[in-house]
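**Student:** Going letter by letter, the sequence shown gives residues 7 to 416 in the working numbering.
Computed cross-link-like contacts, EDC-like style, restricted to lysine to aspartate or glutamate with a CA-CA straight-line distance of at most 20 Å:
{"hint": "1", "residue 1": "LYS204", "residue 2": "GLU339"}
{"hint": "2", "residue 1": "LYS344", "residue 2": "ASP331"}
{"hint": "3", "residue 1": "LYS204", "residue 2": "ASP341"}
{"hint": "4", "residue 1": "LYS204", "residue 2": "ASP331"}
Here are the simulated distance ranges between beta carbons:
{"hint": "5", "residue 1": "ASN171", "residue 2": "LEU262", "range": "38 to 44 Å"}
{"hint": "6", "residue 1": "LEU214", "residue 2": "PRO141", "range": "19 to 25 Å"}
{"hint": "7", "residue 1": "SER103", "residue 2": "SER258", "range": "18 to 24 Å"}
{"hint": "8", "residue 1": "ARG416", "residue 2": "SER103", "range": "57 to 63 Å"}
{"hint": "9", "residue 1": "PHE265", "residue 2": "ARG416", "range": "57 to 63 Å"}
{"hint": "10", "residue 1": "TRP342", "residue 2": "MET218", "range": "27 to 33 Å"}
{"hint": "11", "residue 1": "PHE159", "residue 2": "LEU241", "range": "15 to 21 Å"}
{"hint": "12", "residue 1": "HIS169", "residue 2": "ASP341", "range": "49 to 55 Å"}
Derived from the structure by calculation, the hints contain no laboratory data.
Since the structure is predicted, the reported quantities are computational estimates derived from the model, not experimental observations.
The beta carbon of each residue, even a glycine, is placed where N, CA and C say it ideally should be.
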Amino acid sequence: MTLATNNIIVGSLGSFVMGLRFADAAFCAIIGCLLGTCTVGYISTWGPRSGARTLIATRYFMGYYPSKICCFLNIFTNIGYSMMNCVIGGQILSMVSGGRLSVIVGVVIVSICSWSMAMFGMKVFQIYERCAWVPQLMVLCVMLGSAAPHFDFDVHTDYSPGHLNAKRLTFVSLSLSTGLAWAPLAADYYVYYPPHIKRWKTFSVTVLGSFMAMAFTIILGIGLGTILASSPALLAKYGNSPGGLMMTAYDSLGGLGKFCAVINVLALVANNTPGAYSMGMNFQMLGGVFRKVPRSVFTTVATVGFLPLIGYWVIMWLVIVLEEDIIFRRKIEYDWSKWNSPPHLPLGAAATMAFMIGWAGAVIGMDQAYYAGVIAEAAGGSDLGLWVGAGFTAAIFPPLRLLERWFMGR
7 MTLATNNIIV GSLGSFVMGL RFADAAFCAI IGCLLGTCTV GYISTWGPRS
57 GARTLIATRY FMGYYPSKIC CFLNIFTNIG YSMMNCVIGG QILSMVSGGR
107 LSVIVGVVIV SICSWSMAMF GMKVFQIYER CAWVPQLMVL CVMLGSAAPH
157 FDFDVHTDYS PGHLNAKRLT FVSLSLSTGL AWAPLAADYY VYYPPHIKRW
207 KTFSVTVLGS FMAMAFTIIL GIGLGTILAS SPALLAKYGN SPGGLMMTAY
257 DSLGGLGKFC AVINVLALVA NNTPGAYSMG MNFQMLGGVF RKVPRSVFTT
307 VATVGFLPLI GYWVIMWLVI VLEEDIIFRR KIEYDWSKWN SPPHLPLGAA
357 ATMAFMIGWA GAVIGMDQAY YAGVIAEAAG GSDLGLWVGA GFTAAIFPPL
407 RLLERWFMGR
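Whole structure, please, built from the sequences with the hints as guidance.
**Tutor:** See the structure below:
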């Protein structure tokens, strides 16, 4: 899942868009990936322990009704990422065909493949995921061998020290977000593991596998970004689309390069499938009439795609889960049989208020093309949305939760 083409696109932003040197960007990527995959590893441990999907287990931390907010946000966030993957795959297929296949048709092909894998449930797509990484790793090694001699390790930047540090922190946040996006799905794929499995084992295998794949692909993307930044000819040929970035590495390989590019598209399908599967379940978690509709129907609708949403909410949700588990439930056993009984779950008022205040922090700390918050501007244009949002949530949730427990008793 994490050995995917979209991570290469993320990596290219560090060198090509932000103008960081290879060493700077690679170091930032390693830090961000490690932090992000640790969050995924932590959440994955709840799968065997609870036997519940991630956002079902969230009811024990945020309450029955507030957890549905996370379901909505996760649905649209994953729709956005899936849409991005489909567009990248469509661009690659169009370039491989020499323009005979339009980007739109390519997008439809990738969407249908993703839908097919997700619609038939856990067992089918786990078989696909178990096999898909092998050819993907092989073609990425071909990509590395073809492109690495052309990496520019000495890209010159004219940033002041303060501006350079702002770019570094922004890229750390971007790399962290890449891992964070998987956290709301992490426990979904461990619910069939035996409940007695040790948590450190689940955590370790998740972090190790995710980190190695994610760091490798993002650093590869950083290298490809330096090629575009230092080669006007390749920039003119491939630099007008994310899919073109992939073809930069295969430019000198002819038919072999086109074959490898098609394998990269199959990796995008592998990356799309878990999100499409989980989106179907997230709809059912909303309850009521949604629960009566088969998951495959929601998977079909979700594959159509909407605009991507920024995943700031994930870090705030994660802070609430951590604080509730460590501060308030450290010595309290979870009764997982009460997952669908609101009176036996937290009311969720504290979590909702902390979540909203965290969003306020994310807004004033964000630095995006469409809006820059006051804190981001004061920090020299660094995107601090993740950090400020997490800080606000971490500071306000414990006292609010104490009050909620005092007055409500749960």
